[in-house]
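Asker: Each chain, written out:
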Amino acid sequence: MSSTEPRIRRSRPPEVRRRLAISLSVGLVLLVGALTTAFPLLWMLAGSFKPQREAIDFPPTLLPQEPTLANYLRLFTELDFGRYLLNTVLVVLIGAFGLLFMAMAGYAFAKYRFRGRDGLFFLVLATLMIPVQVTMIPTYLILNGMKLTNTLVGIALPTLVSGFGVFLFRQFMSTIPDEVLEAARVDGAGELRTFVQIVLPMSKPILAVQAVLAFITGWNSFLWPLIIASDQKLYTLSVGLALLNQQLAVDPALQMAAASVMVVPVLLVFVVFQRYVVQGFALSGLK
Amino acid sequence: MRRTTLVPYLFVTPAMLLLLAFGVLPIAVAAVVSLTDMNISGLANWRNVEFIGGANYVALVADPDFWRALGNTGLFVVVGVPAIVLISLGVALLLDGSDSRFARALRSFYFVPAVTGIVAISLVWGYLYNTQFGLFNWLLSLVGIPQVQWLSDPWLAKFSVALVAVWRGTGLNIIIFLAALQGIPREYREAAALDGAGPWRTTRSIVLPLLGFAIFFVTVTTTIAWLQFFDEPFVLTDGGPLGATTSMSIFLYKEGFRLNQFGYASAGSLVLFAIIAVITVIQLRLRRRDVEY
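So the protein sequences, as listed, match chains A and B. With my numbering, the residue at position 74 of the first sequence is 74, and numbering never jumps. With my numbering, the residue at position 89 of the second sequence is 376, and numbering never jumps.
FYI, nobody ran anything at the bench for these hints, they're computed from the structure. Treat the hints with caution; some may be incorrect.
[Said to hold, decoys possible] Computed footprint of chain A on chain B, listed as stretches where at least three residues anywhere in the stretch have a Cβ under 8 Å from a Cβ of chain A:
(1) 303 to 312
(2) 373 to 382
(3) 396 to 404
(4) 543 to 553
(5) 560 to 573
The model shown is predicted, which means the values in this text are computed figures rather than measured ones. Beta carbons are placed, not taken as given, at the ideal position from N, Cα and C, and that holds for glycine.
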């Protein structure tokens with residue numbers, strides 16, 4: 001921005017005032033928009049600390065008058081949210097294998113020439129066009145045939161690998177110079193060792209992006225746990241929460257606490273890794 | 288590039304197996320199942336499944352619920368796609384234009400809804416929409432407007448549910464637009480400014496044409512997302528009241544997993560797939576013509 005400063009200084013005073021007015025009003029519009037966008041989340045957090053009576057009070061209070069942690073305690077004592085949380089974490093961890101599989105496939109598509117490569121890669125891209133509504137029922141039937149319904153692995157499997165993920169890895173890994181890989185091989189590194197010690201470390205930016213995205217989708221995933229897990233012991237946070245919605249429509253404070261348990265971890269991850277998410281979309285070849 | 292025999296196959300095998308099992312195979316299974324009367328008894332024993340040809344498709348065409356779900360989905364697309372594309376484009380242009388530290392700090396606020404889990408968010412919006420103790424009705428009561436039935440009025444419920452999806456859908460697209468805006472060389476805009484173009488003129492004549500592909504990309508992906516609209520109405524209204532917010536996806540879910548009509552739902556899902564494919568191809572065609580002039 002420093003490059004525009006001299007020009008502003010040179011221009012006439014009314015022009016300066018006009019520009020200032022424009023940027024001030026743009027800033028104001030952006031501020032109001034940002035607060036409006038974030039408001040439901042602030043409302044959620046505020047509500048989660050209200051006693052039940054206060055949460056259904058009319059007129060509503062903006063901030064809790066008598067803040068309490070009772071809602072959170074109830075989630076983990078009376079309700080089974082400890083288990084839901086654990087299941088969600090496990091599903092996310094299983095997702096890490098998906099990340100490795102996608103990196104491996106992306107590497108092979110980027111750096112090896114082999115029979116059937118183009119056909120297989122076309123298949124990868126083709127899966128991007130298939131909507132989940134089409135795969136929903138057959139996948140349930142397939143998992144049922146594999147005796148994997150009502151297991152955490154069954155919940156994680158359908159979304160473990162995405163065509164888009166493989167595509168992004170391939171795009172990124174094509175930019176790794178062949179000379180680097182040749183040098184590693186000349187030094188006697190095997191194919192696997194080249195991948196683990198050279199390619200993966202060089203792919204850190206895209207790995208970070210994919211890891212953050214995989215965490216977010218795994219943590220939030222709703223449809224598959226809903227379909228695959230009929231046993232309450234295997235509910236993830238999202239399914240437990242949907243159930244809570246049907247059972248406890250009259251206790252919004254408890255609902256807001258439950259929603260916070262689900263949203264806050266993702267918010268933290270996003271705040272810390274925001275750069276990777278934004279960078280990732282710039283990398284994705286959208287030019 | 289390297290020619291080796293087995294190694295690349297070993298690298299692609301795990302991912303390809305999963306993609307085949309859960310991306311490609313289901314299409315074939317759906318196609319076969321859609322020609323049968325597969326239901327819960329068929330799930331227990333495959334011998335109870337009978338081949339009934341195109342009967343599911345015939346029944347689908349005669350099903351008023353199917354047509355209503357299709358109509359609702361059409362309305363969601365017509366209202367939702369322009370809303371998301373215009374809002375995200377507008378916000379991205381404003382954010383990109385003011386590059387101060389203040390504007391940078393505001394960005395995260397706009398991105399955040401995109402990463403939140405839908406079930407949690409639906410609970411929060413359900414609370415805001417609540418007829419008796421919701422915030423929205425209280426705010427309206429301040430200006431003397433009587434209680435509004437946000438989620439139980441059949442017409443209003445459609446828009447209430449769609450608003451949540453718009454709120455959640457803009458963040459990702461703002462990121463995509465911002466990335467595309469950063470790809471526009473500074474010199475273009477500086478040249479326009481030297482020629483005396485104001486910010487409005489520069490945006491209209493230089494920036495927007497250069498964003499053509501990003502706008503197209505966002506329009507296509509947003510259209511597909513609305514055609515598959517599921518989560519928000521599922522949690523907020525369960526497709527009600529009286530089917531007013533039942534999208535195609537909710538219709539399919541209910542037929543498949545509540546009524547266990549796997550064959551019937553599979554037929555419906557293939558019809559939805561065909562609709563999505565046709566609309567996407569039309570959009571691609573239009574784009575090509577657009578480029579050629």
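Asker: For each hint, tell me whether it holds in the structure or not.
Answerer: Now for the hints, and whether the structure bears them out:
no.	hint	result
1	303 to 312	holds (count 9)
2	373 to 382	holds (count 3)
3	396 to 404	holds (count 8)
4	543 to 553	holds (count 5)
5	560 to 573	holds (count 4)
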